[in-house]
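Numbering follows UniProt numbering, with no gaps: position 225 of the sequence shown is 225.
Honestly, the hints are just simulated from the structure, not real lab data. Take the hints with a grain of salt, since some may be wrong.
[Claimed, not checked] With beta-carbon atoms standing in for the labels, derived distance ranges:
id : residue 1 : residue 2 : range
1  : Thr-80    : Leu-179   : 52 to 60 Å
2  : Glu-252   : Ser-86    : 50 to 58 Å
3  : Glu-176   : Tyr-58    : 31 to 39 Å
4  : Ala-245   : Ser-96    : 39 to 47 Å
5  : Glu-72    : Ala-251   : 29 to 37 Å
Ideal Cβ placement from N, Cα and C applies to all residues, glycine included.
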Amino acid sequence: MIGNDDDRRLWSIGEVARATGTTVRTLRHYDEIGLLGASARTASGHRRYTARDVRRLYRVRALRALGLPLDEIQRVLADTAEDLGSMRELLTAQLSALEAQAGRIQQLTAQLRGLLGRMDGASMPDPEQFMTTLETMSVFETHFTTEQQEQLAARRAEMGPEGVEAAKSGWAGLVEALLAHAEAGTPADDPEVGDLVARWDALGSRFHAAGEDGEATKAAARRLWDERGEELARNLPWSPDRMRALLRYVAEVREAR
Numbered sequence: 001m002i003g004n005d006d007d008r009r010l011w012s013i014g015e016v017a018r019a020t021g022t023t024v025r026t027l028r029h030y031d032e033i034g035l036l037g038a039s040a041r042t043a044s045g046h047r048r049y050t051a052r053d054v055r056r057l058y059r060v061r062a063l064r065a066l067g068l069p070l071d072e073i074q075r076v077l078a079d080t081a082e083d084l085g086s087m088r089e090l091l092t093a094q095l096s097a098l099e100a101q102a103g104r105i106q107q108l109t110a111q112l113r114g115l116l117g118r119m120d121g122a123s124m125p126d127p128e129q130f131m132t133t134l135e136t137m138s139v140f141e142t143h144f145t146t147e148q149q150e151q152l153a154a155r156r157a158e159m160g161p162e163g164v165e166a167a168k169s170g171w172a173g174l175v176e177a178l179l180a181h182a183e184a185g186t187p188a189d190d191p192e193v194g195d196l197v198a199r200w201d202a203l204g205s206r207f208h209a210a211g212e213d214g215e216a217t218k219a220a221a222r223r224l225w226d227e228r229g230e231e232l233a234r235n236l237p238w239s240p241d242r243m244r245a246l247l248r249y250v251a252e253v254r255e256a257r
């Protein structure tokens, strides 16, 4: 087991992988790119990781969890010494991220209990309740980095509860209006439909920051819907088939515009 204070202890690559939840393949990749190597070798050439290597692996994993790509992690580790001050700074940042995540989990837990409570009373939750829960769920997806999650949360805070609720109600109304056009076969270049999609896009933009950061979170949200749309649609008051058709229709209208 990894965790004693004996700096003379050595670990094989398999032991490190099992103890830290990192695959052997990942450890070898880290070695290949110069991010983390084994400082010792056996007489037969097998890797052996030292206590210093294990501490470096912790820093790599912690920075990865904070959303940094591997090339950026490599630069950070090259520019900072392995001392108590830098480790304390890293642990503080990791703790802050975990506390923020715990707050989101608590929020989602309360929302799910509310949905179940409505169902226990033989009442279907309204679309706004589903939308609130869906938005909270989305930030846990791997499509958003920790930094992007924080940006989305900050934008919601700027909008305030009333602004968020108004946007969600407006979006639900746009869904109903566009579904009617999609199912009636209204041409994608129809001016009225184009106006509805323009309002759809403007409303969605309110949940994202301005500039490049906002474009990045929008792209991540689109990937989320592209890859997990059917699963997400199951949590909405509209059927997955109708939502899939609607999203295709909206894409056609954007192209026609």
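Practice task
For the range 29 to 37 Å, tell me whether the beta carbons of Glu-72 and Ala-251 fit it or not.
Solution key: holds, 33 Å
Exercise for the section: Kindly confirm whether 39 to 47 Å is satisfied by the beta carbon distance between Ala-245 and Ser-96. Expected result: The hint (39 to 47 Å, Cβ to Cβ) holds, given that Ala-245 and Ser-96 are roughly 42 Å apart.
Problem - Satisfaction of the hinted span 50 to 58 Å by the C-beta atoms belonging to Glu-252 and Ser-86 - result: holds, 52 Å
Exercise for the section: Just tell me: holds or violated, for the beta carbon distance of Glu-176 and Tyr-58 against 31 to 39 Å? Expected result: violated, 51 Å
Handout entry: Satisfaction of the hinted span 52 to 60 Å by the C-beta atoms belonging to Thr-80 and Leu-179
Key = 53 Å Cβ-Cβ, so the 52 to 60 Å window holds.
Violation of the numbered hints given earlier is confined to hint 3; every other hint is satisfied by the structure.
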